[in-house]
Amino acid sequence: MEYVIEMLNIRKVFGNFVANDNITLQLKKGEIHALLGENGAGKSTLMNVLFGLYQPDGGEIRVKGKKVNIANPNVANDLGIGMVHQHFMLVDTFTVTENIILGSEPTKGRQIDIEKAEQEVRELSERYGLAVDPKAKIADISVGMQQRVEILKTLYRGADILIFDEPTAVLTPQEIQELIQIMKALVREGKSIILITHKLKEIMEVCDRVTVIRRGKGIGTLNVSETNPNALASLMVGREVHFKTEKQPSKVGKPVLEIENLVVKDSRGITAVDHLNLTVHAGEIVGIAGVDGNGQTELIEAITGLIKSESGSIRLNGKEIRNLTPRQITETGVGHIPQDRHKHGLVLDFPIGENMVLQTYYKEPYSKRGILNFKAIYDKARQLIQEFDVRTPDEYTKARALSGGNQQKAIIGREVDRDPDLLIAAQPTRGLDVGAIEFIHKRLIEQRDKGKAVLLVSFELDEIMNVSDRIAVIYEGKIVAIVDPKETTEQELGLLMAGSKRKEAGVSS
Amino acid sequence: MLHILEIIIPSAIFFAAPLIFTALGGVFSERSGVVNIGLEGLMVIGAFTGVVFNLTFADQFGQLTPWLAILAAMIVASIFSLMHAVAAISLRADQVVSGVAINFLALGLSLFLVKMWYGKGQTDQVQVGFDKIDIPILSKIPVIGPIFFSNGYVPSYLAIVLAFVVWYVIYKTPFGLRLRAVGEHPMAADTMGINVAKMRYIAVMLSGALAGIGGSIYATIISRDFSHATISGQGFMALAAMIFGKWHPLGAMGAALFFGFAQSLSIVGQAIPFLKNVPTVYLLILPYALTILALTGFIGRADAPKALGTPYVKGKR
Amino acid sequence: KEEPKKEEGKASEFSIAMVTDVGGIDDKSFNQSAWEGLQKFGEENGLKKGKGGYDYLQSQSDADYATNLNKLVRNDFDLIYGIGYLMTDAITEIAEQKPDNKFAIVDSVVEKPNVASITFKEHEGSFLVGVVAGLMTKTNKIGFVGGMEIPLIEKFESGFIAGVKAVNPNAKVEVQYAGAFDKADKGKAIASSMYASGIDIIYHAAGGTGNGVFSEAIDLKKQDPNKEIWVIGVDRDQYEEGKVPGTDKSVTLTSMVKRVDVAVYDLATKTKNGNFPGGQAVEYGLKEDGVGIAPTTKNNVPEDVLKKVDEWKQKIINGEVKVPTTRAELQ
Amino acid sequence: MSENRLTNILVPVFAVILGIIAGAIVMIVSGYDPIAGYSALLYGAFGDRYYIGETIRQVTPYILAGLAVAFAFRTGLFNIGVEGQLIVGWLAAVWVGVAFELPKVIHLPLAIVAAAFAGALWGFIPGFLKARFRVHEVIVTIMMNYIALYVSNAIIRSVLSDQGFKSEKIHPTASLRSEFLQSLTDYSTLHYGIIISLIAAVVMWFLLEKTTTGYELRAVGFNQHASHYAGMNVNRNIILSMVISGAFAGIAGAMEGLGTFENVSVKAGFTGVGFDGIAVALLGGNNAFGIILAAILFGALKVGALEMPSAADVPTELVDIIIALIIFFVASSYLIRLVLMRFKKGGK
Ligand SMILES: Nc1ncnc2c1ncn2[C@@H]1O[C@H](COP(=O)(O)OP(=O)(O)OP(=O)(O)O)[C@@H](O)[C@H]1O
Ligand SMILES: Nc1ncnc2c1ncn2[C@@H]1O[C@H](COP(=O)(O)OP(=O)(O)OP(=O)(O)O)[C@@H](O)[C@H]1O
Ligand SMILES: [Mg+2]
Ligand SMILES: [Mg+2]
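In the order they appear, the protein sequences are chains B, X, E and P. Using this note's numbering, read the first sequence as starting at 1 and increasing by one per residue. Using this note's numbering, read the second sequence as starting at 1 and increasing by one per residue. Using this note's numbering, read the third sequence as starting at 1 and increasing by one per residue. Using this note's numbering, read the fourth sequence as starting at 1 and increasing by one per residue.
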């Protein structure tokens with residue numbers, strides 16, 4: 001059996017914490033090999049070791065049978081190893097081409113030969129079907145294209161062993177399908193791929209074998225054809241996991257959120273939300289399905305007051321809240337789990353405790369006559385940490401030190417605890433493992449069952465289908481259809497999201 | 001009117017030249033992600049070295065002395081900037097703190113040495129300086145010639161040429177691309193096999209070299225000696241020029257020229273008849289007020305390199 | 001460091017010390033002059049430098065004046081000088097606190113019984129260099145560059161203008177203030193603009209800012225050796241500062257010297273002899289040789305002009321001519 | 001946790017020790033006697049009650065300038081304009097001190113408030129421009145320093161005196177000086193300002209750490225987006241931060257105007273206190289208690305240095321070198337931490 005990569009008994013320790021405990025992973029030539037594990041299981045760490053970003057504290061690495069010492073990413077590049085990182089490694093202010101050639105620039109004299117570079121990028125992108133605009137700035141292109149740039153970076157360097165660290169977490173279903181096709185094409189070209197993903201469906205669809213790790217330890221490697229999602233999930237979590245969250249039929253009450261003819265422009269002044277109408281009632285979860293960039297972000301930011309809208313009306317329990325300040329809107333009874341937890345959700349340098357009162361710090365009992373009451377704040381924090389299973393050494397730990405999943409649980413705890421009439425959840429489970437997803441879905445449904453309105457925005461069709469009571473499809477800033485999840489299919493939704501079909505009947509509701 | 005320009009422009013250029021050199025140094029350092037509040041101190045070192053070299057070797061090197069003095073200032077200041085580099089890059093120091101330390105150290109050390117070597121608080125005056133020149137041919141162009149190409153100093157023109165060179169280096173060469181990448185997203189650069197620390201070391205030392213030139217030409221052309229007051233605030237003005245110019249070499253040059261222009265306007269203004277009765281204070285604050293107005297009115301916000309000020313630690317997210 | 005002469009270093013000697021402002025004892029200006037006076041006195045009286053002899057302390061900031069003066073009091077110096085008008089308040093205060101100590105202040109007046117005040121008639125000296133400028137100008141345009149707009153510098157300005165006008169009513173004097181004593185770049189820019197506008201003689205009373213004036217004049221002279229441009233120095237003989245490299249010429253036309261050394265020496269001698277003029281303000285003018293023009297003036301100024309200068313000097317000493325000290329008096 | 005705190009305290013202590021050792025090496029290398037040098041330094045700072053008084057007097061504005069820099073720093077802003085804010089504060093305090101005749105209980109506080117107000121105004125401008133136009137506060141504060149210098153000089157000449165170079169002395173009712181403190185310290189210029197600056201340190205600590213406003217300011221300093229999301233008025237907080245920072249700086253000016261000098265004179269250049277404040281703040285780790293200690297160190301070094309040339313023939317500049325090295329070692333605390341960690345591991 002020919003292995004292109006062998007990571008044998010790899011051990012990696014951070015301080016006193018063992019992130020990788022004698023993990024073994026062997027990659028065959030021409031296969032797509034999944035690496036599966038909970039958040040914080042040590043997947044990224046293991047791959048960073050392979051890519052030369054970390055040095056292992058034990059074990060050995062062989063590339064094509066030869067023992068190697070990967071001291072830095074340069075060595076990895078030379079060995080033909082390329083990595084698409086979980087958090088994109090792109091320079092926002094550079095063009096696509098500049099990002100791709102960075103570090104091995106073609107030159108003409110002393111100068112970068114940018115025309116030649118663009119030509120090469122264009123050729124490469126055509127050859128692998130990775131559509132990119134070589135002259136576009138990274139900041140101006142979609143997440144999907146950014147990812148294609150990441151892949152091109154590795155191909156440009158001639159990598160034949162590719163590591164994808166959670167590439168699909170940030171993609172829309174369409175983009176995921178495209179990526180799957182790309183990976184298959186790459187394998188046909190003789191490349192080998194390690195794929196990290198939390199989506200078992202994807203593993204079943206494209207992978208040949210899967211290695212499961214749990215809490216830093218290797219659990220084993222299986223052939224995908226000989227296993228199933230349920231088995232994989234329990235292997236990785238160590239217990240039974242339910243994919244389909246159980247829920248009672250909804251008891252729909254009066255309208256809580258009513259949006260009429262809302263118009264919002266994005267930061268570049270282009271109309272992003274275009275005369276949009278939507279109603280969310282008490283006791284229901286409305287899921288917004290749509291391809292990224294169809295106005296979801298602007299819609300939510302307009303409702304929560306983060307940006308100003310042009311015209312229309314937004315009423316909460318009958319009260320007009322359009323263009324009020326975020327504070328006024330929060331106080332009217334809106335909770336918001338933001339899409340970008342690092343940018344909006346948390347003050348990463350504050351302790352968890354202080355983050356837990358980010359919306360309420362100025363109110364009793366946390367503040368009296370302008371003076372903070374730390375006892376009340378940290379009592380509350382301890383209670384939420386307990387209730388929402390936030391894994392942290394203590395409530396004084398900086399939010400920065402928590403893993404993404406736990407940061408997310410903290411935010412959800414904070415928002416749900418305020419018991420808002422309307423809870424807006426934007427991509428609440430992005431990048432989280434199945435266990436954490438299950439937990440968060442339960443919490444959303446709990447809110448609904450308490451008679452609150454929930455507005456869920458997600459690119460994950462699974463999530464939308466599972467959790468929502470009604471699905472509103474957004475396309476080019478308008479709600480183009482309202483469908484019942486029980487009466488629709490992913491195919492139909494996909495078509496609606498692509499704007500190729502309209503379901504006029506539902507629109508007015 | 002033309003006559004006034006013939007006075008204002010050359011003096012704006014000579015005033016701006018030290019700022020241009022130093023601000024270009026700042027551009028290198030900060031583009032690589034290292035804050036450099038220490039520009040002032042690096043200029044001090046440059047001025048000190050330039051003057052001391054000039055005084056010591058004037059007899060040996062004759063007319064070549066000021067040029068060699070610049071070279072010496074460049075080398076010494078870039079070695080001095082190594083302290084900032086070590087602290088900020090290898091020792092993960094707070095870059096502002098280490099820059100402030102550079103400022104204190106530069107002034108303290110150079111005055112200490114002046115006292116030791118010359119037995120007094122300031123050096124003697126340098127005897128061999130740069131000559132004022134009219135650029136051949138160009139200075140003969142009507143209108144433009146007398147305004148831009150007469151009565152100038154070679155280093156002043158070099159400063160302007162250098163700004164274009166730096167622009168070329170930063171925007172057109174692989175080195176520049178890597179430098180900017182390191183300042184925007186060091187981890188991305190790292191994964192592309194670029195040695196982040198090395199790039200930053202080079203950038204900081206370049207900033208030392210250029211600030212050294214700035215300081216030494218200031219001392220050689222303008223003050224002609226070195227004392228505690230020789231460099232007093234020019235480094236901060238250069239820092240302001242760099243930010244004003246949005247971390248862009250040509251922008252920094254433009255901003256420095258703008259300062260120079262405002263400064264000489266405030267001086268020539270005192271001689272313009274209808275401004276005679278304006279109290280001096282208005283003319284004194286003119287350059288600074290103009291800068292604030294310009295920033296507010298039409299320059300607007302500037303975005304610093306994203307990784308500016310953050311030490312790069314491998315594997316840290 | 002000079003070896004103290006042992007046999008003369010008796011403890012009972014009269015000791016003197018001074019506090020400089022931030023300029024230090026080599027500021028090429030009044031601090032340096034004062035220190036020279038002190039040194040001369042010390043050497044002539046066989047004192048050694050340091051405690052019990054003659055000494056100085058340099059201030060790093062305005063806040064140090066009082067501390068430094070007090071330090072000298074604590075070190076039992078018999079006569080303590082504060083050099084510069086900036087020290088007025090500090091001397092006033094400490095003289096009050098230590099009525100048994102003797103103090104002196106230069107360039108300012110402090111009315112305390114234990115303080116002797118030394119001031120200079122800078123306007124008189126400036127008048128003389130004004131006469132030189134008025135007679136020497138070819139363009140009838142003359143410049144004055146001041147450091148900061150304070151009464152002291154106004155004395156220079158007024159006296160100078162009066163001197164120019166006295167001999168050459170057609171000459172115009174342009175006045176500019178740099179706003180600081182340590183901005184050589186501004187001095188240079190001002191000089192550049194003045195020379196470019198046809199001014200051929202600049203009198204500076206601007207300390208370090210004046211360095212810029214010299215550097216501009218020298219550079220212009222190097223560029224075109226036939227150019228007739230001049231600088232008039234201040235406080236000390238600034239002939240050397242004006243030396244054009246590669247030649248034996250200097251752009252320094254003359255200098256208005258202010259003999260702080262003479263005054264300081266004088267006072268020390270009087271005090272040693274038991275004639276401390278406490279509570280008095282001694283003003284040093286032309287008559288007392290406290291101000292005047294530098295001896296090097298003859299290098300660049302012809303005999304007949306020097307003769308005229310002498311005539312005016314006599315008139316001032318005789319009281320025939322009264323030199324204004326402020327712009328108001330100048331009118 | 002507590003081990004961490006110990007390291008945090010040890011780091012500056014080591015930095016100071018290393019700085020002093022390095023200073024000694026510099027003295028030896030350049031042929032001076034380090035023991036004589038340091039004895040003179042120590043004597044000049046704490047040698048007798050007079051010197052102690054002078055040291056405390058010097059510490060007073062350092063604390064306030066340090067607080068001003070630190071306050072802005074903690075909220076994500078770099079205030080290089082403390083120098084200018086101090087100058088206008090000084091001017092305003094003396095103005096009130098000269099222009100009014102009031103009972104002390106009203107006059108003194110009024111003068112201090114005026115200084116705080118003037119400093120706050122000087123801080124407001126860069127704060128406002130940053131909030132409204134996103135203009136970088138570093139440039140504006142640098143420019144405002146020069147404007148403060150020239151404008152206050154012009155006002156001293158034309159308003160506070162008749163074309164003179166200094167104002168009249170303030171009325172005793174506005175003075176911070178006291179016979180008692182002077183007799184205690186043998187006529188040093190020590191004044192009650194030290195109490196005010198210590199109170200200011202407590203105020204800063206309390207404001208930032210204990211109040212709702214402080215919570216907002218810190219949040220905005222760390223993450224403007226999250227603060228906006230949480231309903232805070234980001235622009236208001238930026239302005240507020242600069243205003244409070246400026247007020248501290250203004251009060252530092254009042255200490256000079258109402259205590260040390262009791263008047264204000266035309267300045268030939270910057271006082272340097274504002275720039276030293278940056279170093280004090282950084283050395284003090286931007287926290288109130290640390291700033292007090294750093295200011296004491298700074299004040300003692302500065303005042304003590306004056307003794308070195310006459311007593312040990314060492315140039316005063318040596319102290320600047322020592323200060324620089326201390327700051328440098330604090331900045332490079334990572335190194336010290338590493339060594340400390342080694343040490344601990346070895347010890348176990
Ligand atoms: N630089 C670091 N310093 C300290 N601990 C770290 C560091 N990087 C990772 N860890 C620890 O190692 C564990 C594994 O992290 P890793 O990023 O490999 O997890 P992962 O499996 O990729 O998780 P996810 O699914 O969330 O991406 C984490 O729980 C974290 O506590
Ligand atoms: N500087 C650090 N010191 C200690 N631990 C760190 C540090 N940086 C990262 N970590 C660890 O890394 C982990 C973060 O893991 P990671 O970012 O993979 O989580 P994630 O769920 O993938 O987050 P995200 O949602 O942002 O992708 C945390 O568990 C944290 O303990
Ligand atoms: Mg990961
Ligand atoms: Mg993750």
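In short, the hints are calculated from the structure, not lab data. Even glycine gets a Cβ: it sits at the ideal position worked out from N, Cα and C. Careful: at least some of the hints might be erroneous.
Claimed, not checked - For lysine-lysine, the following DSBU-like pairs were computed, each having C-alpha atoms within a straight-line distance of at most 30 Å:
1) B:K380 with B:K368
2) B:K380 with P:K210
3) B:K217 with B:K244
4) P:K169 with B:K363
5) E:K112 with P:K169
6) X:K140 with E:K141
7) B:K217 with B:K319
8) X:K306 with X:K172
9) B:K217 with X:K140
10) X:K276 with B:K135
11) X:K276 with E:K272
12) E:K270 with E:K98
13) B:K308 with X:K306
14) E:K48 with E:K298
15) E:K272 with E:K138
What the hints assert, rightly or not - Listed below are several chain B residues computed to face chain P (Cβ distance under 7 Å; list not exhaustive):
16) F14
17) G15
18) P134
19) I138
20) I141
21) N323
22) R327
23) T330
24) T332
25) K343
26) H344
27) L358
28) Y361
29) E364
30) L372
What the hints assert, rightly or not - Here are the computed distance ranges between Cβ atoms for each label pair:
31) B:E189 with P:I9: 27 to 35 Å
32) X:P273 with P:G269: 46 to 54 Å
33) X:D59 with E:E320: 47 to 55 Å
34) X:H3 with B:S142: 23 to 31 Å
(request) Just pull the numbers of the violated hints for me, sorted ascending. (result) 4, 7, 9, 10, 11, 14, 15, 16, 17, 18, 19, 20, 21, 24, 29, 31, 32 and 34
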